[in-house]
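Residue numbers (this note's numbering), protein chains in the order written: chain A, 1 to 140; chain B, 1 to 97; chain C, 1 to 508.
FYI, nobody ran anything at the bench for these hints, they're computed from the structure.
The beta-carbon is built from N, C-alpha and C at its ideal position, and this holds for glycine as well.
One should not assume that every hint holds.
[To be verified] Computed Cβ-Cβ distance ranges for the label pairs, DEER-style:
#1 A/Arg60 with B/Thr37: 55 to 61 Å
#2 B/Ile14 with C/Ala491: 18 to 24 Å
#3 C/Tyr441 with B/Ala61: 55 to 61 Å
#4 C/Ala437 with A/Pro33: 37 to 43 Å
#5 A/Thr9 with C/Gly27: 47 to 53 Å
#6 A/Leu133 with C/Lys340: 30 to 36 Å
[Claimed, not checked] If we take Cβ atoms under 8 Å as the criterion, some of the chain A residues that face chain C in the derived model are:
#7 Pro16
#8 Ala23
#9 Lys64
#10 Gly69
#11 Ile70
#12 Ser73
#13 Val80
#14 Gly83
#15 Val87
#16 Phe93
#17 Asn95
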Amino acid sequence: MKMSTVVRTTTKLISPFLVTYAAYLMVYGHLSPGGGFQAGVILAVSVILLITSHGYKRVRKKFKFKEVGIIESSSAVFLVCIGLVGVLFGGFFYNFLNGGKFGSLLSGGIVPLFNIAVGLKVGAAFTFLFYILLRWVESD
Amino acid sequence: MINAETAGIMIMLIGLYGLITKRNLIKQVLAINVLSTGLVLFFVGTGYVENAEVPILPQQAVVDPLPATLMLTTLVVDVAITSLALALILRMRREET
Amino acid sequence: MIPTLVAFSLLAAFLVTLFETLKVKEGKIKAVFLAGILSSWLIFGYVTTKMPLSEIIGNHAKEAGIQVSLDIYSFYFILAELILFSLVAVYSMSYFKQRAKNGKIYALLLLMHAGLLGAFISRDLFNYYIYMEVASVSSFALVALSDEKGAKKAAYKYLAFSLVASYLFIFAIGIIYLKTGYLNVELIKSSVVVSREINVALAVAFSALILKAGIFPLHFWLPDAHSKAPNPISALLSGIVVKAPIYGMLLLYLALPIEESLLNLLTLIAFSSMLVGVIFALLQKNAKRLLAYHTVSQMGYVLLGIATSNPLGAIYYAFAHTLFKGGLFLSIGTLINAQKTKDLEKLTYRHDKILMTSIIMLSLAIGGIPPFIGAFGKKFLLSNLNGIRLYLFYIAGIGTLVSFTKLNYYLMEPGKAIKSNLTQKVLSLIIAVLTLAFGVYFGLVISYRDLLVILVAILTFWLLQRVGFFNITLKKYFGESMEETGREVNAYMVLFSLFLLVLLLQSF
C-alpha cells in the first residue's frame, strides 16, 4: 500500500538527512545531549518512514532481512569485545583510550565507540522488529 | 503549581485504573505504557534543584543528571517488552481463528 | 574480573545469533552454546578462590560506579544457578530435536543465564533490576514457545503482571534515591534515616517482589505459566527465575532498616503461602500443575527466612529448593514426554528403575528428611521460630510429604511400559544424587524423629483417601478466549491493588 507521488518523493529526499542526524548524535554523544539509544531510534525511523510511504514489500527487497540481522549481531559482539579488552588494562569496561583535551572529540576514550555500537544495534533491532510485526498485518 | 513528583504519581494511578477496567488486550498494553510514562516523570522530577542550570560544562549548581540516564534504560526495557506483548497478542489472534 | 562471568555468556548468546543468521551448521552452534556455559564454570572456579571479593566496574569511584561482589550472600545462588543451568542445557539439547529454530532457543537460554548471573552478583539496586528484567524477558519468550493450547495466554498474563511489578519496584528505588541520594547498598546503609517515606518505599518494593516470586496471595500467574511451558524451561523457571526476587529482598534487607510491623505482616504472608500452596497441590490431577503449586508453598519457606531476620536460612533453603524442584520437573518431564499425557492417574514409572529412584529420592528431599539437602535449610530456618509458628512449620512440612506420597502412590500403579530417553533419565538421576551429596557434605544424619514424620505422613494420606478428599475438583472461573484473558487480568489487578493498599496502610 503506497501513497501518492508527492509523499514518496519527499520521504526519499528526507531519509538521508535523518541518517546524518543519527550519525551526529552517535559521534558527539559524550559532549552534548544524545547518545547511542537516541541515534538508534532515529536510524530505525528513517527506514520505517520509507516503509509507510512506499509499501512493505518494496523496502524489504532493498534492505534485506539477512543484512539487517548481520548488522545487529555483529555490533553486539563488538560491544562485548570492547568491554573484554578493557580487562587486560585494568577493569571490565575500563577506559583505556584516555587522552585529548577536555571538550574535544577524542576526550571520551571508548565512549564514542560504545555509542556507535549501541546505535547500530538498536537501529537494526527496531527495523527487524517492524519487519516482523508488519509481516502479520500486510498480507497483500 | 504541581511539582513533577505529584503529577507523576497521578499519571501512574490513571494507568493502573486503565489496567483494572479495560478488557481489550491492546488497551491494557497502552495502559501499561501510560503507567511507565508517569513513572519516568516522577523519577526525573526527583533530580530537580531550584535555580540550577543544565549539566553541560557547568559553572554553578546543576540539575542532577543521574535519574534521566536511569530512565533512558527503563524506556528501552519498556519498548522491548511492549513489542513482545504486541507480537504475543497477534499470535493469540491468529491461533483463535 | 567478576563481570566477565556475565560477559562471556552474553558474547556466546550474540555469537549464536550471528551464526544463526549466517546459516552455519547446527553442530557449530551447539559448540558455541556449550562453550558459553563452560566458560562461566571456569571463571566461577577461579574467582571463588579469592572470596570475598568486590569491585567497581570500570575502576571508578564508589559513589559514581556500579559495585559487583561475590561473598557469602551471592555464592550459593550462583552455585545453584550454574548447576541447574548446565543440566537443563544438556537436557534441552536432546529435548528440542523436533524444531527447526533451535538457534533462537539457545540464544534465549544463554541470555537468561547471563541475566541471572548478573542479577546475583550486583550490589547496586538499579543494576539488579536491569539484569532481572533481562532474565524475565527471556523467560516470557521461552514460555510462549510451547506448543500447548494456553501457552501464549499464560505468557501474556505473566508478562503483564511482571511488568507492572517491575515499574512499582523502580518507583520504590526512586523514593530511596530521593531520600538518601545513593543507589549502592553499602552507601545507603551508612546514610539512611528512618522516616515515613522509607517505610512506604519498603512496602511498595516488597509487594512488587512478592508478586514476582509467586507467593500467595499474588501467585495467580504461576500455575499457568509454569505448567504450560516446555519441560526444561519449567525446571529453569521454578528453579531459579523465582529466586531472583528473593535476592532483591535480601539486598533491601541489607540496605534499609525494616520495621517490626512489616516483618510481622511478612511472617503472616509466608505462613499462609506455605499452607495454602500445599492445600491446592493436594487437589491437583495434572502433574506439572501440582509441582507449580508446590513452588508457591516452598517460596513461603524462603520468605519466612527473610521475615524472621534469618537471611542465611533463606539462602540455604533457596539453594536446596533450586536443586530438588529442578530435578522434579526434569524427571516428571521425562515421564510426560515419553507417555504423552499429563494426567497423574495415567502416568507410571513402575517399569523404569532409574526414574523411580530419582523421584523417590527427590520426594524425600523436598519433604525435608535427612540426609537429603532439604533438611539443612529447614534446620537453619527453625532456629528463629518459637511457639505456634513452630507447629505451623511442622504441619506444612507434613502436608508436603502427604502430597508427595500421593504423587508416588499414583505413579506406582502399573500401566503400559514405554521407554523414555536415556540422556534425560540420567540427568534426573544426577540431580537426585547431588541432593544426597550436598546433604552429606553439610553433615546431616537421619534420626528416629524423621522416620516418625514419614509414618505420620503416610497415615494422613491413607486417612484423606478414605474420606474422599482427593475427589474434589476445582471449578475454572475464567474461560479460554481472548476477552476472558482480559477479564482475568482485570480481576487479578484489583487483587494486587488491594494487597498494595494493605501494605501501604500498615506503614503509615
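Verification of the supplied hints:
Checked against the given bound of 55 to 61 Å, the beta carbons of A/Arg60 and B/Thr37, roughly 32 Å apart, lie outside it. Judged by the Cβ atoms, the range 18 to 24 Å given for B/Ile14 and C/Ala491 holds: they are separated by roughly 20 Å. Take C/Tyr441 and B/Ala61: their Cβ atoms lie about 57 Å apart, and the range 55 to 61 Å holds. Between C/Ala437 and A/Pro33, the C-beta spacing of about 56 Å breaks the proposed range 37 to 43 Å.
Between A/Thr9 and C/Gly27 the beta carbon distance is about 50 Å. The supplied range of 47 to 53 Å therefore holds. In this structure, A/Leu133 and C/Lys340 meet the distance hint of 30 to 36 Å, their C-beta atoms being roughly 35 Å apart. A hinted interface residue such as A/Pro16 counts as satisfied when its beta carbon comes closer than 8 Å to some beta carbon of chain C; here the least separation is about 26 Å, so the hint is violated. Residue-level restraint check for A/Ala23 is violated (minimum Cβ-Cβ distance to chain C is 23 Å; threshold 8 Å).
For A/Lys64, the suggested interface contact is broken, since its CB lies about 11 Å from the closest CB of chain C, more than 8 Å. Satisfaction of the interface hint for A/Gly69 is found here, the shortest Cβ-Cβ separation to chain C being roughly 4 Å, below the 8 Å cut-off. A cut of 8 Å between beta carbons decides the hint on A/Ile70: the least distance to chain C is about 6 Å, and the hint holds. Proximity of A/Ser73 to chain C holds as hinted, the smallest CB-CB distance being about 4 Å (cut-off 8 Å).
The criterion of a C-beta within 8 Å of any C-beta in chain C is met by A/Val80, whose closest approach is roughly 5 Å, and the hint holds. Restraint check, A/Gly83 versus chain C: the minimum CB separation of about 6 Å is within 8 Å; hint holds. A cut of 8 Å between beta carbons decides the hint on A/Val87: the least distance to chain C is about 6 Å, and the hint holds. The interface hint given for A/Phe93 holds, since its Cβ lies 5 Å from the closest Cβ of chain C, which is under the 8 Å cut-off.
Given the 8 Å rule on beta carbons, the hint for A/Asn95 holds: about 7 Å separates it from the nearest Cβ of chain C.
Violation of the numbered hints given earlier is confined to hints 1, 4, 7, 8, 9; the remaining hints are satisfied by the structure.
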